[in-house]
Each structure stands twice: as C-alpha cells, then as structure tokens.
Amino acid sequence: MKTQMAAVRPLVAVERSVRIAVAGNPNSGKSTLINSLAGSRLHVGNWPGVTVEKKEAAFERRGERIALVDLPGTYSLSPYTEEEVIARDYLVQERPDVIINVVDVTNLERNLYLTVQLLELEIPIVVALNIFDEAEKKGYRIDVPAMEQALGVRIVPTVATKGTGLDALLEAATEAAGNPSRHRPRRLHYGGDIEAAAEALMAEVLRRSPGLAEKYPERWMAFKLLEGDRCVIEAAGLPGIETMTARAAGHLHSAHDGDIESLMADARYARAAGLAREILTKPDIRKIELTEKIDRIALNRFLGIPLFLAAMWLVFKLTFDVSAPFADWLDAVTAGPFTRWTRVLVGLVRGPDWLISLVTDGVIAGVGSVLVFVPVIFAMMFFITFLEGSGYMARAAFVMDRAMHSMGLHGKSFIPMLLGFGCNVPAIYATRTLENPRDKALTALLIPLMSCGARLPVYVLFVGAFFSAHSGTVLWSLYVMGIVLAVLMGILFKRTLFRGESPMFIMELPPYRMPSGRSLMIHTWEKGKHFLLKAGTYILAVSVLVWFLLNLPWGVEHKKDSYMGTVGQAVAPVFKPLGFGTWEAASSLIAGVIAKEIVVGTMGEIYVPEKKETPAGPAPSLSADLREVGTSFVEAGQKAFTNVFSTAGIASISEKGESPPERESLRAVMAKTYTPLSAYAFMTFVLLYMPCIVAAAAFKHEFGTWKWFGVAFVYQTILAWGMAFIIYQGGKFFGIGG
Amino acid sequence: MNLAILKPGEKGRIVRIGAIGPLKRRLMDMGVLVGEEVTVEKIAPLGDPIELTIKGYHLSLRKREAEGIAVEVCR
Chain A
5 MKTQMAAVRP LVAVERSVRI AVAGNPNSGK STLINSLAGS RLHVGNWPGV
55 TVEKKEAAFE RRGERIALVD LPGTYSLSPY TEEEVIARDY LVQERPDVII
105 NVVDVTNLER NLYLTVQLLE LEIPIVVALN IFDEAEKKGY RIDVPAMEQA
155 LGVRIVPTVA TKGTGLDALL EAATEAAGNP SRHRPRRLHY GGDIEAAAEA
205 LMAEVLRRSP GLAEKYPERW MAFKLLEGDR CVIEAAGLPG IETMTARAAG
255 HLHSAHDGDI ESLMADARYA RAAGLAREIL TKPDIRKIEL TEKIDRIALN
305 RFLGIPLFLA AMWLVFKLTF DVSAPFADWL DAVTAGPFTR WTRVLVGLVR
355 GPDWLISLVT DGVIAGVGSV LVFVPVIFAM MFFITFLEGS GYMARAAFVM
405 DRAMHSMGLH GKSFIPMLLG FGCNVPAIYA TRTLENPRDK ALTALLIPLM
455 SCGARLPVYV LFVGAFFSAH SGTVLWSLYV MGIVLAVLMG ILFKRTLFRG
505 ESPMFIMELP PYRMPSGRSL MIHTWEKGKH FLLKAGTYIL AVSVLVWFLL
555 NLPWGVEHKK DSYMGTVGQA VAPVFKPLGF GTWEAASSLI AGVIAKEIVV
605 GTMGEIYVPE KKETPAGPAP SLSADLREVG TSFVEAGQKA FTNVFSTAGI
655 ASISEKGESP PERESLRAVM AKTYTPLSAY AFMTFVLLYM PCIVAAAAFK
705 HEFGTWKWFG VAFVYQTILA WGMAFIIYQG GKFFGIGG
Chain B
4 MNLAILKPGE KGRIVRIGAI GPLKRRLMDM GVLVGEEVTV EKIAPLGDPI
54 ELTIKGYHLS LRKREAEGIA VEVCR
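Protein chains in written order, with the working numbering: chain A, 5 to 742; chain B, 4 to 78.
If you are wondering where the hints come from, they were derived from the structure by calculation, not from laboratory data. The structure presented is a predicted model; accordingly, all values stated were derived computationally and were not measured. Among these hints, one or two may not hold up.
[Stated by the list, open to error] Pairs of lysine-lysine, DSBU-like flavour, derived with a Cα cap of 35 Å: (1) K10/B - K141/A; (2) K27/B - K142/A; (3) K533/A - K711/A; (4) K533/A - K58/A; (5) K291/A - K14/B; (6) K321/A - K498/A; (7) K142/A - K66/B; (8) K321/A - K219/A; (9) K142/A - K166/A; (10) K66/B - K286/A; (11) K498/A - K66/B; (12) K66/B - K14/B; (13) K14/B - K58/A; (14) K711/A - K66/B; (15) K10/B - K498/A; (16) K10/B - K291/A; (17) K14/B - K711/A; (18) K580/A - K711/A; (19) K564/A - K14/B; (20) K10/B - K580/A; (21) K704/A - K14/B; (22) K27/B - K291/A; (23) K10/B - K66/B; (24) K219/A - K58/A; (25) K66/B - K564/A; (26) K704/A - K580/A; (27) K219/A - K10/B; (28) K704/A - K321/A; (29) K704/A - K564/A; (30) K166/A - K66/B; (31) K66/B - K321/A; (32) K291/A - K66/B; (33) K321/A - K297/A; (34) K10/B - K27/B; (35) K141/A - K14/B; (36) K291/A - K166/A; (37) K291/A - K142/A; (38) K27/B - K711/A; (39) K538/A - K704/A.
With the sequences and hints as input, model every part of the structure.
Right under this line is the structure:
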C-alpha cells in the first residue's frame with residue numbers, strides 16, 4: 005500500500021532510489037529479516053517466467069528512497085538451479101547499488117562460501133551476521149572487526165526475529181551505496197595458479213572484445229569462463245572462447261584432471277574455512293543441541309513415521325476444521341443478507357428480473373464460490389509456512405522420501421498430496437514447498453486424483469441410494485482407487501512426460517526454530533490476497549458463464565430447453581457406453597466443473613424441480629441482518645474451536661458426509677434412473693474427471709501457465725472415461741450389479 | 004568404501020567424489036569436498052535417505068548419491 009502512496013507523493017527532488025539486493029543461504033533467516041525490514045510495504049510476486057517467489061519493497065528512510073529486492077535463497081551462485089540463476093542474473097545484469105548478505109553465524113563456514121562468491125562481483129556488500137543471539141548463547145565468540153578487516157566490508161550483527169541491528173544494517177547499506185569506491189570489497193586471493201590463469205584469460209578476452217568489460221565484472225567473468233560456466237560462455241558470445249580458456253587454463257588442466265570447477269569450489273571453500281577459523285571461536289565443549297534431541301525422537305527408526313503421520317493428521321485437521329466454519333459463514337452471508345440486499349438495490353433502480361437473477365445467481369454466487377475458499381487457503385498457508393519455518397518440513401521430506409521417490413516424487417510431495425483429500429486447491433498451492441520445477445509439476449498433476457471433500461456429497465447421494473448395506477466399503481473403494489491411480493500415473497509420468505534423471509535430493513536439515521509471527525502473517529495474508537484477486541477473476545467468469553447456460557434463453561420452463569440442457573443432450577451419447585448417457589447426467593457433470601459438489605445440487609434442480617419457496621413474513625431489516633452477520637461470525641469462531649477438540653476425526657468432512665433429509669426425494673428418483681453398476685461408474689467418473697475451475701485457476705496461478713492444467717485436463721478426462729467404461733462394460737459382461 | 008555403507012555414528016574422510024556435472028557441483032557447493040570429514044547420523048525410517056553432518060551442519064542425501072562418494076573410515 006505504502007509503496008503506491010510514496011509514488012503518488014510529489015518527489016522532493018529527482019532522486020534515484022538506493023537499490024538493495026538481499027542475498028543469503030536458505031534457512032539463514034533472510035526471509036524474516038526482509039519481512040522485518042519492509043513490513044507491510046512488502047510486495048510478493050513471482051520472478052518473470054518462473055514459479056520462484058519474488059519479494060520487493062520500496063520505502064523512504066531519512067529522506068532516501070530505498071528499493072529492496074529479495075533474491076532467492078541459494079547456497080552458491082553456480083548455474084544449475086533456477087534460484088541460483090535468478091540470483092546471479094539479477095546481480096550481474098541489474099547491478100544493485102549494494103548487496104545485503106544475510107549470514108547465519110551458527111553455520112558460518114557454509115554461509116561464507118556464498119559471501120566469498122558475492123565478493124567476486126565487486127558490488128558493495130554489507131554482511132548481516134544474523135541469528136547472533138543463538139550464536140552467543142552457544143558461547144561462540146565472533147571477532148567482528150577482524151572480519152571487517154578481512155573482507156573489506158561492513159559487518160552488522162543482527163537478530164532478525166527481534167528486529168535487533170536492522171536499523172544499523174540499513175544505515176550501513178545506504179552508506180555503502182553512496183560511497184561505492186570506499187566500500188569496494190576486498191579481492192580474496194585464490195592461489196597463484198588460479199589467479200595467473202584468470203589474469204591471462206581476462207587480458208586475452210578483453211583484447212578481443214573490450215565491450216565485455218561493461219557487461220561483466222572482469223575477474224568474475226574470468227573465473228566463470230575457467231569453470232566452464234555455460235551461461236557465461238554463451239552470453240559472452242565470443243568465437244573461439246573455448247580454446248582461449250583452454251590455453252589460459254592449460255597448466256591448471258593438467259594439474260587437476262581438467263576439473264577446474266571443483267578446483268574453484270575448493271579454493272572458495274578454503275577461503276571460507278580460513279575466514280571462519282580466523283573470526284570465530286567455538287567453546288571447547290560442545291553441548292548436545294535441542295535440535296539433535298528432538299531429531300532423536302522425530303527421525304527415530306520406529307517412532308519417525310508414526311510421529312510424522314500424527315503431525316500430518318494434526319495439520320490436516322487444523323487446516324480444514326478451523327477454516328470450514330468460516331467458509332460456511334461466508335457462504336451464508338453472501339447467499340443470505342448480501343443477496344437479499346442486492347436484490348433490493350437492483351429492484352430500486354427498476355432492474356428487470358433477468359438482471360436480478362444474473363447479479364444474484366450469477367455474479368454474487370460466483371463471488372461466493374471464490375470467497376468460501378479463502379479461509380482454507382489462509383489456514384493452509386499458515387500451517388505450511390509454520391512447517392517450513394520451524395524446520396519440520398525438511399524432516400517430513402526425510403521420513404517420506406523413500407516412499408514418494410518410488411513413484412517419481414520428492415519427500416516433500418507428501419504434504420501437498422495429503423492436503424488434496426481436504427481440498428485440491430490449497431494442495432496445489434502447497435506444492436510451492438518443492439524447489440524443483442519437475443517435482444512441483446508432477447506433484448500438482450497427481451493431486452486431483454486425491455478425492456477431495458467436494459466429491460463426498462456425490463458419493464453420499466449414490467451410496468445412500470444403491471449401496472446402503474456396504475456404504476463404508478464402497479466409499480473406501482473410491483478413495484483407494486484414486487490413490488492407486490495416482491501411484492500408477494506417477495510411474496507412467498516418470499517414464500514419459502518427465503523422463504530422464506530424477507532430480508537430486510541434497511537437502512539441508514536446518515535447526516528447529518520458532519518462525520516469527522510476522523513472517524507467518526505476511527505469507528498467509530499475501531497468499532490469500534493473491535488468490536482472491538488472481539484466481540477469483542477466472543472463477544467468477546466461469547460462474548457467470550454457467551448462469552447463462554442454465555438460464556438462457558430467458559424464461560425457459562424446463563431445464564431441458566435451456567442451453568445447458570441442449571449442451572447436455574449433445575454430449576450425452578459420449579456417456580452412453582458408461583451407463584449414464586442421459587442429458588440430466590451430462591448437464592450435472594458440466595455444471596460440476598465449478599465445484600464437484602455442484603453435481604448434486606444440479607441433479608436436484610433437474611430431477612426434482614423444487615417449487616420456489618416464498619419467504620414467510622417480511623424480510624429482516626438491514627440492522628437485523630447486520631446483527632445476524634456479526635453473531636454468526638462469532639458462532640463460526642466457536643465452531644472452529646469446538647471442531648478441533650470435539651472429535652479425533654475431521655469434523656468438517658464427516659459433516660459433509662451426512663445427507664440432508666430433503667435429498668430423500670432425489671435419492672428415490674436416482675434409484676429408478678440408475679442401476680448400482682451405472683451409479684458406481686458415475687461416481688468413478690466424478691472422482692476422476694477434470695479438476696474444478698478453482699483448481700484450474702490454482703494451477704494457472706501457481707505455475708504461471710495453463711500448460712499443466714491442460715495436461716491434467718487431458719489425462720484425467722481420458723482416465724475418467726476409461727475407468728468408467730471398464731467398470732460399466734466389465735460389470736455388464738460379468739453380470740454384476742446390472 | 005563409500006558413504007552409503009557407513010553405519011550411523013561412523014565417521015569418514017572423503018577421498019573422492021565420483022559424481023559429475025551438476026550433481027558434483029551441487030555436492031561441492033554444499034561443502035561435500037575431498038578431504039572433508041563426514042559423520043553418518045541417521046538412516047531414515049524407510050532405509051533411505053541418510054543424514055550426515057558435514058562442516059558443522061546437517062545434510063541429507065539419498066543412498067544413490069552417497070554411493071558415489073568414496074570415503075576412508077576414521078577412527
């Protein structure tokens with residue numbers, strides 16, 4: 005918000021803002037630090053073309069404009085992971101005025117490895133020695149002046165979670181940006197051989213193409229060329245560069261088996277290790293840390309998996325049970341008072357009936373269907389951020405990786421898949437915990453096979469009508485079918501669409517830490533907001549479209565004559581071999597793309613048209629409505645609380661499994677129009693056919709492209725039709741349930 | 004002897020990294036370097052991956068990746 009305000013305000017002078025890039029290892033507390041620095045001014049988006057999160061903030065500090073960019077957390081600046089490429093492209097191409105390098109003091113050597121590489125870029129740097137309090141508690145002694153001396157940059161101890169040192173950090177950063185010549189970082193010497201080769205190469209390259217000096221820091225470029233860095237070689241675009249490099253590195257090649265990349269990594273680590281030794285004194289006796297104590301239990305051979313499953317059950321329960329009452333509340337408010345008063349307003353301007361219907365049944369119902377997802381997305385984002393920030397996410401991946409790897413997935417895929425049983429939408433968003441784009445896409449593709457809560461009412465209707473004697477078994481069989489198909493599809497995708505080496509699993513197990521409340525809130529809020537704005541638009545559009553289909557031509561007496569009915573009649577023959585080739589079934593399935601539970605509602609409307617009930621008595625007054633909205637919100641809060649403690653099961657989902665009495669008449673009609681076999685085929689189809697549009701919007705939003713939704717749409721449509729076909733025709737052949 | 008066959012609690016010194024390309028670079032970036040001392044801390048409940056300490060922090064690798072890292076056992 006404030007960034008926009010600052011932009012509107014007349015500028016005091018045509019002042020350039022100080023551009024600060026924040027770089028650091030994952031788990032260095034960088035995220036917390038930037039949240040504390042920027043606060044509510046933080047803007048969260050994506051780096052162009054990729055799914056990596058980009059955080060930015062612009063604000064004013066003591067008359068100076070500051071533009072802060074958070075680079076993805078990386079261990080290095082090598083050219084292999086998406087995050088590393090983004091970070092270094094930004095640093096090299098955009099050349100920020102100053103880099104704030106967040107360093108976790110409790111893990112100094114590995115963090116300094118990145119610092120050493122940042123120094124090569126010859127951009128002014130300020131180092132934030134973060135998590136300083138924990139280091140002090142451990143009895144570490146850090147010689148800050150010696151470190152400043154050795155690196156030639158300003159060092160500021162910080163505790164991001166408490167906000168300590170952040171003001172001094174910004175002060176040092178702006179100072180360094182204003183005085184780049186005085187804050188040029190020191191060149192760390194990598195040993196005679198490497199330096200000589202780099203110098204020779206640099207001279208030769210610049211002689212041939214002097215322009216490259218503008219494009220890259222010279223020494224950095226020389227190192228990258230020696231390392232054989234593909235990106236830099238291509239970008240330099242110098243013919244014969246490989247021979248030049250080979251000549252300059254001739255001596256190095258023969259002395260080190262030609263592996264200069266390893267040689268460079270060794271040299272950099274040697275500097276990092278040397279620095280760490282110089283400036284850090286650890287106490288002689290090492291205490292057994294809390295993290296190790298927790299992990300003895302959390303990763304224990306026998307307890308590891310039960311504890312993990314218990315933790316997951318808790319997350320699942322909290323996510324869905326806490327959010328459900330608020331979703332119901334939003335649903336009731338939009339469908340009740342909000343619709344009522346909009347109707348009055350449109351009536352006041354003498355709007356025709358069709359306009360009232362479009363606004364209330366189309367637009368407001370559409371907005372409502374977006375809103376009901378907001379609580380669950382908030383809740384999910386909160387718990388996912390908590391799991392990640394606390395360090396448990398890495399343990400979950402460690403415990404589950406073996407099982408998930410067998411179907412081509414990553415240990416971290418488990419949690420999004422599990423959330424899928426509640427609702428596919430937050431589950432697709434939760435795939436952002438996976439760093440590798442391949443793992444992420446594959447996980448998201450399999451999530452729709454997890455039978456979500458919205459499919460349950462459909463099962464309940466049919467199970468109640470046909471399988472009441474074996475209701476539990478039939479229900480279970482559907483869930484199990486989804487899981488088995490997910491495993492099979494995972495293996496199939498691994499061999500086809502995602503062929504090739506599965507990504508490596510090299511993962512840090514960070515110390516357990518309490519995530520800061522501020523970080524939790526910012527992440528939760530940003531995700532919810534984005535969902536509303538971005539995904540909301542698509543969902544609204546489709547809702548309005550479906551309204552048109554159901555209600556046009558205006559004034560249709562019978563649903564069969566509406567456009568939806570017409571489309572249903574046209575599509576029905578496709579479902580004939582599956583046992584439900586009627587326009588009623590086809591239309592219900594089409595309407596179900598908004599949300600699968602709508603299948604039941606539409607069937608109700610089509611099979612048993614209800615008489616429009618006229619509300620008894622006068623409509624409640626505006627003040628009565630407002631009071632009702634308030635009290636029902638409080639009730640929702642209480643419900644959320646009792647949901648959590650009332651039962652060990654998932655209260656919000658078991659409720660959905662109950663069938664309201666008014667469904668009795670629908671059930672009776674079903675029993676006449678379907679056979680048990682075609683009913684089972686229909687349920688299979690509902691389980692498997694295309695994800696609802698909210699999930700589609702989540703796919704688009706999370707991946708920035710429709711591609712993966714397209715893949716999901718195609719394979720699921722084929723799978724749904726194929727499975728229903730096999731079940732129906734197979735059943736008929738063997739004479740079961742027909 | 005490779006890293007994947009060390010038992011929990013055993014310590015080794017890395018003598019060679021068999022991996023090539025991105026995997027090797029990634030390992031090196033994480034501090035898995037020749038000459039480095041590494042301790043196997045735990046094996047995951049399902050038998051894979053494994054947890055190590057190296058350069059004073061905890062790292063986990065799949066056994067397949069650990070197999071390519073040759074070590075000599077330290078006492």
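Do the hints match the structure? See the list:
no.	hint	result
1	K10/B - K141/A	holds, 32 Å
2	K27/B - K142/A	holds, 33 Å
3	K533/A - K711/A	holds, 24 Å
4	K533/A - K58/A	holds, 16 Å
5	K291/A - K14/B	holds, 19 Å
6	K321/A - K498/A	holds, 31 Å
7	K142/A - K66/B	holds, 32 Å
8	K321/A - K219/A	violated, 53 Å
9	K142/A - K166/A	holds, 18 Å
10	K66/B - K286/A	holds, 32 Å
11	K498/A - K66/B	holds, 20 Å
12	K66/B - K14/B	holds, 16 Å
13	K14/B - K58/A	violated, 40 Å
14	K711/A - K66/B	holds, 34 Å
15	K10/B - K498/A	holds, 31 Å
16	K10/B - K291/A	holds, 23 Å
17	K14/B - K711/A	violated, 47 Å
18	K580/A - K711/A	holds, 30 Å
19	K564/A - K14/B	violated, 75 Å
20	K10/B - K580/A	violated, 60 Å
21	K704/A - K14/B	violated, 47 Å
22	K27/B - K291/A	holds, 33 Å
23	K10/B - K66/B	holds, 12 Å
24	K219/A - K58/A	holds, 24 Å
25	K66/B - K564/A	violated, 61 Å
26	K704/A - K580/A	holds, 33 Å
27	K219/A - K10/B	violated, 50 Å
28	K704/A - K321/A	holds, 27 Å
29	K704/A - K564/A	holds, 33 Å
30	K166/A - K66/B	violated, 39 Å
31	K66/B - K321/A	holds, 34 Å
32	K291/A - K66/B	holds, 29 Å
33	K321/A - K297/A	holds, 27 Å
34	K10/B - K27/B	holds, 23 Å
35	K141/A - K14/B	holds, 28 Å
36	K291/A - K166/A	holds, 25 Å
37	K291/A - K142/A	holds, 8 Å
38	K27/B - K711/A	holds, 32 Å
39	K538/A - K704/A	holds, 9 Å
Consistency note: the structure conflicts with the earlier hints numbered 8, 13, 17, 19, 20, 21, 25, 27 and 30.
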